[in-house]
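Asker: So the protein sequences, as listed, match chains A and B. FYI, the working numbering numbers position 90 of the first sequence as 862, with every residue one higher than the one before it. FYI, the working numbering numbers position 108 of the second sequence as 109, with every residue one higher than the one before it.
Since the hints were made in silico from the structure, they are not lab data. Do not take every clue at face value.
30 Å max Cα-Cα, derived DSSO-like pairs, lysine-lysine [said to hold, decoys possible]:
| id | chain 1 | residue 1 | chain 2 | residue 2 |
| --- | --- | --- | --- | --- |
| 1 | A | K781 | B | K111 |
| 2 | B | K43 | A | K843 |
| 3 | A | K855 | B | K43 |
| 4 | B | K101 | B | K43 |
| 5 | B | K43 | B | K111 |
| 6 | B | K70 | B | K101 |
| 7 | B | K43 | A | K842 |
| 8 | A | K842 | A | K781 |
| 9 | B | K58 | A | K781 |
| 10 | A | K781 | A | K855 |
| 11 | B | K43 | A | K786 |
| 12 | A | K842 | B | K101 |
| 13 | A | K781 | B | K79 |
| 14 | A | K829 | B | K101 |
| 15 | B | K58 | B | K111 |
| 16 | B | K59 | A | K829 |
| 17 | B | K60 | B | K79 |
| 18 | B | K79 | A | K855 |
| 19 | A | K843 | B | K70 |
| 20 | B | K70 | B | K43 |
| 21 | B | K111 | B | K79 |
Examples of chain B residues toward chain A, derived with CB under 8 Å [said to hold, decoys possible]:
| id | residue |
| --- | --- |
| 22 | S44 |
| 23 | P45 |
| 24 | P83 |
| 25 | P94 |
If you want the ones that stay clear, here's a sample from chain A, every Cβ over 10 Å from chain B, calculated [claimed, not checked]:
| id | residue |
| --- | --- |
| 26 | G774 |
| 27 | K786 |
| 28 | A876 |
| 29 | G879 |
From the three backbone atoms N, C-alpha and C, an ideal C-beta is built for every residue, glycine too.
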Amino acid sequence: DGGITQSPKYLFRKEGQNVTLSCEQNLNHDAMYWYRQDPGQGLRLIYYSQIVNDFQKGDIAEGYSVSREKKESFPLTVTSAQKNPTAFYLCASSIEIQRVNTEAFFGQGTRLTVV
Amino acid sequence: ILNVEQSPQSLHVQEGDSTNFTCSFPSSNFYALHWYRWETAKSPEALFVMTLNGDEKKKGRISATLNTKEGYSYLYIKGSQPEDSATYLCALPGTSGTYKYIFGTGTRLKVLA
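Only chain B is shown next, with the shape it has when bound in the complex:
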């Protein structure tokens, strides 16, 4: 089973702070990496889908980078706002030939007003 790790597990920041967290994965047999935001009592929603080494994606104050050679992706939030409070999940297709998504345990972000 592909092992996807996210760090830190949880994070508290003040409103206006910038923050980042990491998704680590084995660098062999890479297909794609997805970032999802999961707010309490809602469904997870896709932020980014990344497929190429060196990919950089941006949506508003949130951006992500991908390094498939070393097996990590960073998610950055600039000027955090209370509405950014959520669990951020990364997911990768699993073992070769199945394409099943394997999820990390997530980073729980709390932005304090």
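Next comes chain A alone, as it looks inside the complex:
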């Protein structure tokens, strides 16, 4: 079955450490996205990628980095520069970023806690 897989489901990080969240899709989608959810807030866009080897900052990119070396994979690194990293992170993909009449598909998310 095609879909998006995020791992791990839960992640604990010590302050000052970088950590990488995995997102893999086998839907052959060009566009991939990372969102962050905090209590009482909507999903906020961190980074997005329209195509392999290309990515753009979203609305809250500070303290995060991404890569898109393969079409299937869009890992997110939460760096020590991110001041408040404890949150729920959701990865998504869509066929092409311009095709707004097609839906996005989502992973199950990773809950990151800084201890």
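With the hints as your guide, set chain B onto chain A.
Answerer: Leaving out everything else, chain B in the frame of chain A:
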């Protein structure tokens, strides 16, 4: 940043009741509106993609309407069932030229048996 608002934030209804909630957005530069259902411990799943003013979509007991001129969409659930309990999100592509999705904060629905 495009501002997408959903109301109410949460809703409790009895099994069998019908309910509806709203997604509001600026009416300028509209491209499309998506509705997603997000059940606890699962991934959000698309319900509807709407693009034209006056669009009406239906899937089983759930339907949605779109008014792009006044900037709102309604989601209706007829005869709510416990399995309808979820957070319902609407999303719109963002500022012109980027097509990024902007999500509302969602409406959390709890259907009581």
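Asker: Each hint should be assessed against the structure and marked as holding or not.
Answerer: Quick rundown of the hints versus the structure:
| no. | hint | result |
| --- | --- | --- |
| 1 | A:K781 - B:K111 | holds, 25 Å |
| 2 | B:K43 - A:K843 | holds, 24 Å |
| 3 | A:K855 - B:K43 | holds, 28 Å |
| 4 | B:K101 - B:K43 | holds, 23 Å |
| 5 | B:K43 - B:K111 | holds, 16 Å |
| 6 | B:K70 - B:K101 | holds, 21 Å |
| 7 | B:K43 - A:K842 | holds, 26 Å |
| 8 | A:K842 - A:K781 | holds, 22 Å |
| 9 | B:K58 - A:K781 | violated, 34 Å |
| 10 | A:K781 - A:K855 | holds, 21 Å |
| 11 | B:K43 - A:K786 | holds, 27 Å |
| 12 | A:K842 - B:K101 | holds, 21 Å |
| 13 | A:K781 - B:K79 | violated, 34 Å |
| 14 | A:K829 - B:K101 | holds, 11 Å |
| 15 | B:K58 - B:K111 | holds, 23 Å |
| 16 | B:K59 - A:K829 | violated, 35 Å |
| 17 | B:K60 - B:K79 | holds, 11 Å |
| 18 | B:K79 - A:K855 | violated, 44 Å |
| 19 | A:K843 - B:K70 | violated, 38 Å |
| 20 | B:K70 - B:K43 | violated, 34 Å |
| 21 | B:K111 - B:K79 | holds, 14 Å |
| 22 | S44 | holds, 4 Å |
| 23 | P45 | holds, 5 Å |
| 24 | P83 | violated, 22 Å |
| 25 | P94 | holds, 5 Å |
| 26 | G774 | holds, 13 Å |
| 27 | K786 | holds, 26 Å |
| 28 | A876 | violated, 6 Å |
| 29 | G879 | violated, 6 Å |
The structure fails to meet hints 9, 13, 16, 18, 19, 20, 24, 28, 29 from the earlier list, while all remaining hints are met.
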